[in-house]
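**Student:** Sequence:
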Amino acid sequence: MTALAHASSTAPPGEPAKRKRSWVAYLLLLPATIWLIVFFVVPLIQLFTVSLQSGYPGYPGYYYRDVNFGNYLSAFTQYWPHFVRSLLFAGLATFFAFVLAYPWPTRWRSKPVAGAM
Numbered sequence: 041m042t043a044l045a046h047a048s049s050t051a052p053p054g055e056p057a058k059r060k061r062s063w064v065a066y067l068l069l070l071p072a073t074i075w076l077i078v079f080f081v082v083p084l085i086q087l088f089t090v091s092l093q094s095g096y097p098g099y100p101g102y103y104y105r106d107v108n109f110g111n112y113l114s115a116f117t118q119y120w121p122h123f124v125r126s127l128l129f130a131g132l133a134t135f136f137a138f139v140l141a142y143p144w145p146t147r148w149r150s151k152p153v154a155g156a157m
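In our numbering, the protein residues as written are 41 to 157.
Be careful, since some hints might not be right.
Unchecked claim - Calculated lysine to any residue pairs in the SDA-like style (CA-CA distance at most 25 Å, straight line):
(1) K60 x V78
(2) K60 x L76
(3) K58 x P71
(4) K60 x T73
(5) K58 x A72
(6) K60 x W75
What the hints assert, rightly or not - FRET-style restraints, in silico, Cβ to Cβ:
(7) L87 x L132: 45 to 51 Å
(8) G95 x S62: 17 to 23 Å
(9) F116 x G95: 14 to 20 Å
(10) F79 x R105: 35 to 41 Å
(11) F116 x R59: 26 to 32 Å
(12) Q86 x T117: 40 to 46 Å
(13) L67 x P121: 47 to 53 Å
(14) P121 x L87: 22 to 28 Å
Derived from the structure by calculation, the hints contain no laboratory data.
Just so it is clear, CB atoms sit at the ideal spot from N, CA and C, and this is done for glycine as well.
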C-alpha cells in the first residue's frame, strides 16, 4: 500500500486527512521567545516606567516613582521641531524608497512567463 493510499484511507470520504500536531515546533520557538522577552519586552517596560518618574525636588539626579504623563507633554512641547523633522525624514525616505524600487520588478520581467496567470 502506498503512503498516499494509506493517508487517504484514514480520513472519511470527502474530507482531507488531518495532520497530527507536533510540539517540536513550539519547543524550537521557546529559546527565541525567551530571548525576545528578556532582552526586548522587559527593558521596554522598564524604560516606560522610568519615563513616568518625577524628579526629586532639591536633589538633582534623584527620581521617585509616580505616574507623571507630564514628562511626555513637556518633551513634545520642548522638542516638537525635532519630532516633526524626524517624521518628515521618515516620510521622505519611505516615499523615495517606493519611487526608486517600484519600477525595478517590471524591468526584470521583460517577457511574460508562459502559463503564468
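**Student:** Between the beta carbons of L87 and L132, is the distance compatible with 45 to 51 Å?
**Tutor:** violated, 28 Å
**Student:** Taking 25 Å as the top limit, are the C-alpha atoms of K60 and V78 close enough?
**Tutor:** violated, 32 Å
**Student:** Going straight from one Cα to the other, do K60 and W75 come out at no more than 25 Å?
**Tutor:** violated, 28 Å
**Student:** K58 and A72 were given as a pair; does the straight-line alpha-carbon distance stay at or below 25 Å?
**Tutor:** violated, 28 Å
**Student:** Just tell me: holds or violated, for the beta carbon distance of Q86 and T117 against 40 to 46 Å?
**Tutor:** Roughly 25 Å apart at Cβ, these two residues miss the hinted range, so it is violated.
**Student:** Could you grab the alpha-carbon distance between K60 and L76 and see if it respects the 25 Å cut-off?
**Tutor:** violated, 28 Å
**Student:** Does the Cβ distance between F116 and G95 fall inside 14 to 20 Å?
**Tutor:** Holds - the Cβ-Cβ distance for F116 and G95, about 18 Å, lies within 14 to 20 Å.
**Student:** Could you tell me whether the CB distance from F79 to R105 stays inside 35 to 41 Å?
**Tutor:** Given about 23 Å between the Cβ atoms, the range is violated.
**Student:** Given a hint of 22 to 28 Å, does the C-beta separation of P121 and L87 actually sit inside it?
**Tutor:** Cβ of P121 to Cβ of L87: about 24 Å, so the range 22 to 28 Å holds.
**Student:** Holds or violated: K58 with P71, Cα cutoff 25 Å?
**Tutor:** Cα-Cα ~28 Å, so violated.
**Student:** With respect to the beta-carbon atoms only, verify the hint that G95 and S62 lie 17 to 23 Å apart.
**Tutor:** violated, 54 Å
**Student:** Given the hint that K60 pairs with T73, test it: the Cα-Cα distance must not exceed 25 Å.
**Tutor:** It holds: about 23 Å lies between the C-alpha atoms, which stays within 25 Å.
Checked against the numbered hints above, the structure violates hints 1, 2, 3, 5, 6, 7, 8, 10, 11 and 12; every other hint is satisfied.
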